[in-house]
Amino acid sequence: MESPVSHRAVAQRLRALGAQAGVELERSPLDEAIGALLGGTGDQDADAGIAGFDAERLDALQRAAQRESEDCLSRLRCLLELLDSSLVVGSLPLSRDSLHRLSYHLLRALSDHERWHALAANAGYYRDHPELAERVAQALRGG
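Just so you know, the working numbering puts the end of the sequence shown at 143, numbered straight through with nothing missing.
The reader is advised that the hints may include incorrect statements.
Label pairs and their computed distance ranges (CB to CB) [stated by the list, open to error]:
{"no.": "1", "residue 1": "H100", "residue 2": "G39", "range": "30 to 40 Å"}
{"no.": "2", "residue 1": "S86", "residue 2": "L132", "range": "26 to 36 Å"}
{"no.": "3", "residue 1": "R141", "residue 2": "A121", "range": "46 to 56 Å"}
{"no.": "4", "residue 1": "L132", "residue 2": "L30", "range": "17 to 27 Å"}
{"no.": "5", "residue 1": "A64", "residue 2": "L99", "range": "14 to 24 Å"}
{"no.": "6", "residue 1": "R135", "residue 2": "A33", "range": "22 to 32 Å"}
{"no.": "7", "residue 1": "C78", "residue 2": "R27", "range": "38 to 48 Å"}
No wet-lab data here; the hints were simulated from the structure. From the three backbone atoms N, C-alpha and C, an ideal C-beta is built for every residue, glycine too.
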């Protein structure tokens, strides 16, 4: 697996290319689904809505989100490999519309990877720090 530095560099480059192509990612369906499932706490960085889950549920969530994060990264690599192959083969140039759609899908795969990765990290953190998780859950309940 590549180093986090190379992932950050790829992410920055894809965002720059997407901006040049006019590709904008709004709140993704994944963000909306996670928000709805967590009660719309609005704190995407901490996923506070999972703080009240028991350790077993947090562990299952962490494992599943990590697998999905890795799958998103694999899809991203696949798209990049296909693009690279098409450039090497010398096929007809992609249309501007095709490049915009490809940019969107690359950025979407990257965004989804980052979101699943954050959810996995937050689940693991709450599982490993139950006292903090309880305080966060209590604060969400208003107590």
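*Report the numbers of all earlier hints that the structure fails to satisfy, in ascending order.*
Hints 2, 3, 5 and 7 are the ones this structure does not satisfy, whereas the remaining hints hold.
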